[in-house]
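All chains should be built: construct the whole structure from the sequences, respecting the hints.
Protein sequence lines, in the order shown, are assigned to chains A, B and C. Count the first sequence with the numbering used here and you get residues 311 to 408, in order. Count the second sequence with the numbering used here and you get residues 49 to 554, in order. Count the third sequence with the numbering used here and you get residues 22 to 504, in order.
Since the hints were made in silico from the structure, they are not lab data. Hints are not guaranteed to be accurate.
FRET-style restraints, in silico, Cβ to Cβ [claimed, not checked]:
| hint | chain 1 | residue 1 | chain 2 | residue 2 | range |
| --- | --- | --- | --- | --- | --- |
| 1 | B | P319 | A | P331 | 43 to 51 Å |
| 2 | A | P383 | C | N157 | 23 to 31 Å |
| 3 | A | P383 | C | R275 | 36 to 44 Å |
Yeah, the Cβ is synthetic: ideal placement off N, Cα and C, and Gly gets one too.
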Amino acid sequence: MSVVTPAEVRAVAWLARIDVPEDRLPQVAAQLDDILAYVRKLQAIPTQSVEPTSHVLPLSNVTRADQPVPPLPAEQAVRLAPDQRGHLVRVPKVVDVG
Amino acid sequence: MPVAPAALTLHELREQIAAGALDPRALLRDLLERISRLNPSLRAYIAVDPERVLAQLEARLQHGPRGPLFGIPITVKDNLCVSGEETACGSQILSGFRPPYHATVVERLLQAGAVVIPRANMDEFAFGSSTETSAFGPTRNPWDPARVPGGSSGGSAAAVAADVAIAALGTDTGGSIRQPASFCGVVGLKPTYGRVSRYGLIAFASSLDQAGPLTKDVTDCALLLSVIAGQDARDSTSAPMPVPDYLAALSEPVKGLRVGVPALPSDGLDPQVAAALEEAQRVLERLGMRPVPVELPHIRHAVETYYIIATAEASSNLARYDGVRYGWRATALPAGPARGGGIDASSAQRGLLPMYLQTRAQGFGAEAVRRILLGTYVLSRGYYDAYYLQGMKVRTLMKRDFDAALAQCDALLLPTAPTPAFRLGEKLADPLQMYLSDIYTISANLAGVPAMSVPCGLSREGLPIGLQLIGAPFQEAMLLRVARAYEQATDWHRRRPALAAAGTAR
Amino acid sequence: MTAYEPVIGLEVHVQLATASKLFCGCPTTFGAAPNSQTCPVCLGLPGTLPVLNQRAFELGIRTAVALECRVAEVMKFDRKQYFYPDLPKGYQISQYDRPLAHDGHLDVAGGEAVKRIRIRRAHLEEDAGKLLHDPNEPFSYVDFNRAGIPLLEIVTEPDLRLPEDAYAYLVELKAILRALGVSNCNMEEGSLRCDANVSLRPSGAAELGAKVEIKNLNSFKAVKDALAFEMDRQRRVLERGEAVAQETRLWNARAQTTEPMRSKEEASDYRYFPEPDLVPFHIEAAAVERARRELPELPARHRQRLVEAYGLSAYDAGVLAQFRPLGALFEQTVAHYPKPKPVVNWIMGDLLGYLNGRSQDPETLVFQPAWLVHLLEAIERGEISGKTAKALFVEALERQRDPQELMQGRDVRQIVDAGELERLVDVVVSEHQKSVADYQKGKANALMFLVGKCMERSQGKANPQQLKSILQRKLAEPREAVS
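Quick look at the structure:
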C-alpha cells in the first residue's frame, strides 16, 4: 500500500527547498514509501500514557552570563560567503516577500 | 626488524616520546609516507596536506603544550571543525568551507599536545553505514578493498586499521563509530550522550550525535577518551559530570561482574557473528564474569524510531546549507521553469528561489536528499504526531528498557553489526537494507548510553567481527575495564590487515 | 444594514535589554557597521551550538510577572523552520507549546472605563538578520548583526475592539516595559515592533471573521491608522456581499492604505519541533515570587499615587507615569519645592513643549531636579521674571547647566526698583506720545503696547505688573506734569 504520493513529495521538496524534477517524483515517492512503510510499524506500539523523550539527559537550566565577547571581524564573517560585496553577504534578489 | 613508528599504539608512542626514544618528527614522517603510499587506493582521508601537518608539528614542538598526546598525530573525521582547515562533512555543499573555530574535541587534542590530521573520509553528513555516500569517493576496507569499511566514520576506522592513523576521532549517531570499528577490526567507543562536547561537531541528529575514539586497542581508547571528555560551556547538552580516570579503570578486576545478554531479533544475523559472540561470552565467563539474561523488548523497533528522529533532526540541521553564508552555491540554474513543487514559475526563474532549489538539489547527494525529504515529511503538518511524536515516545520506552536491563548487570553484550563488512555497492541501491546494518547499534544512541565495539573474531573470509558492550550512562570506565580484560585474554586486536602489513614489519 | 464589530489582536516583539545576544556572546549595540557583530553561533556556522543568555531569561520572567502572566514551571525552546536569507540556520529558535509565560493581562484606560486586555502568551525567541534591497540591482544584501538579538514576543487575546484601544494598549505596554527596564522600546531601532490582526463580525456574533494580519507598522500611530483603514476596508468588502480574504497585508504609511502582501504560494508549515541543542528550563515558584517582589512601581500604581499624593489631574498623572524621567523629575522636585501645581505646570507646559518642539523622546531627558527647584525659587523670590525664567529653562536644558549658575554674573535679575521703573516709563512715554494720546482717548490697548515697549527696553527684566500700575498712574496725571 502506498502512502506517499508524488504530490506529497513535491510539497515536501518545496518545504525543504530541494528541486526534485517532475519526472523523478514518482520514483522518490516510491523510495520514501518503502522506508515509511517500514517505519510505520512503530504506530502499532501503545504509547498513550508515555511521555516523549527529546532529551535523554536530565539536564536543565543551562545558561551563560550576559557577557559580550568580541565578535568575528566583519571581513572574516563575510569572506566565508560564496558572494559578497563590501561587508554584506550578497544573494540573488528576494522576489517573494517573506 | 624494528616496528615502524606508525604501527605502534598511542600509549606505546607516548612512552617512547616521553622517554626520548622516539622523535615525533620521525613518527610523523613515517605516517605521512604511509598515507601518501596507501591513501590513493584506500581513500581513508579525503585529502592530506603534508606540509601543513609538518608545520603544525614544528609549532607544537616549539611551543606546544607537553600534554599526554605530545607530538602524536591524531586523525579527525571530516565533520569535526578544525580552524582554518577545510571541513566539508564529506559533502559537495560544504566544499571549500574553512571554519574560523575549532571543535571543542579538536581543541582538547591540541591542548594535549597532539598534531591534528583533518579530513578522515565519511559518508556525506554521516548519512550512511559504508562511507560510500562521501562526495569524495568511497573508502575501501583495508582487510578487503572490495568491501566497505563501514560508516559513517569509515575513513577514521580504515585509517587506524591500515596504520595510516595512530588513532582517530569519529562520530556516532546510530553506530557510526562502532560499526566501522567492527568492520575494520579496531576499537571504537561512543560515549554517553553529553560526555563529550558537540561544539564544532557538524550536526547530523543533535539529540543522538557523540564524538568518540577509534583506536588500535582499548588502552588507546581510554587515553583518547580521557582527553576529549568533559563539560563544555559552549554545549548546553554537555554533562557537568567529573571525568574519571579511564586509564586507571583498565586494571580494575572484572571477576564477579555481570554481563547482560539480551534476547535479540536474529533475522539478518550472520551465524559467524553469532558464533563469535557466543565465544566472546565464554571468554568473559572464564574471566569470572557472570552472564545474566536481560530483556530489551523495544530494541526491535530501534531502526524505525531512529529513522524518524534522526531524519527529522537532520532535515532541520541541514537547512542551513542554503548557499547564502558559506559553502557552495549553485550558479548553473535551469533555464526553464524551476520545479520542486508549487512554485510560481515567474518568480522561480530568477532570484533567490532557484538559487536555493538548485544549491540544495545539486549540493547534496542522493542519500542526503532522501533523508532530508523523509525528515521534512515526518515533521510536516498532519504527520508530526503519527511519526515524530510517536518516535519520541518509543524512545522513552527504549530508554526504560536500557535502565531496567542495566540495573541487572554491569554491561550488556551484543553484536556490533549483524554481518562482517559487505561489498561496495551491495546495499547502496537499497536504503532500507543499509539502515538495517545499524540494527544493534542504534538503540544505544536513542537511550543515550555509552557503547563500544571491540574486535572479537575473523570470519571465514578473513573479515573482522566486533562485539559490542553497552553500559549505564557515564559508565564508560566499566566498558573499558571489561573490554581491556577481554582484549588481554584474546589477541584479535593484534590482527592487522594484509594491506597494513605490506608497509610495515610487525 | 448590518453593524459590524471589529476584533483586534496584537503581537508585540520587544528587544530585551541585554549586553549580548540570546544564544551567543555577540554584542547588541545598535547601529554597528554591517556584519560586525556576528560570530560562528549567530551566523549558524556548522557545528555551533546555542547557550541561553541568563539575563534575557530573567528579563522575560520579570516582564511576565508584571503582565500578571502565569510563568511556566517548565519552558522549552522549539525550532520554527522556514527559509529566508536573513535566517541563518534555516530555523528560528523560538518557543511553541511551552512558552515562558501565558494567561496574563494588562488594563488600559479606554474612553470612560478601564479595559482588561488578556495576554495569551509571552515567549523568548531570537531575531533574524536584516535584508537590504537595491531596486536597481538583481541582488539583495544581508546584514546579520540583528540575528540572535533577544526578543520577547507578547501576544494578546483578540480582546481589543477599537484602533484607539490598540493605541492605548501599546502606550501602556511600552510604559510598563520601560518601568521594568527590560527594553528601551525604541521603535526606530526596531527594539519594539508590532503586528496587528483584525477581523470584523456582525455585532453580537460569537464566531470570528476572516483574520487579516497587518505588518510594517512602524509607529503606534501607524497601528491605529492601519487598523482604522483596515476596518473600513473590510466593512466595505462585507457590505458588497463579498468575503474578506484571510491574508497578510502591509501598511503603506505614505498612501495610508494597507496592501496585500504577495501571497505565499503555499500556506507555511513551520514544522516546529523541540530544539535538541537546548535543555528544558525549570522556573521555580520562588524565583517567580522573587521577581514579583522586586518589581518596580508600575505605571498604573504610579498614576494612582500621583493623583492621591499630589492632587494631580488624571491626565497629568498619566503623562508623568508614562515617561519615567518626567515622573522622577516631578517627584524629586516636589521633595525640595513642595508646591506640586507650579512644578507639574512647568513639566507639562514648558518641558513637554520643549521636547515636542524638538521631537525628543521624554525617555532621553537629562535634567536635574535641583535645577528646576532653583528656577522655581528664584521666581518665587521675585528675582527673575517669568519671561526670563522660561529663557533660562531652555538654556539650562540645552547647555545642561543649573539655571542658578547661569544667572550668576549676568544681569538677569528682575527690575523691581520703583525709581528705576519710573525712569523707564518716562522714557517710553516721551517716545510714544501717539500711544499716550490714544490711551487717553480711551483705547485700552495702547496701555499694553506701552508696557510691551517698556519690557523691550528693559530686555525683559522689568516687572510687568509694576510697569502697568506706574503707567496707569502717570497717564492719569495732567500732561504738563510729564516733562
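Each hint tested on the structure:
no., hint, result
1, P319/B to P331/A: 43 to 51 Å, "44 Å, holds"
2, P383/A to N157/C: 23 to 31 Å, "30 Å, holds"
3, P383/A to R275/C: 36 to 44 Å, "39 Å, holds"
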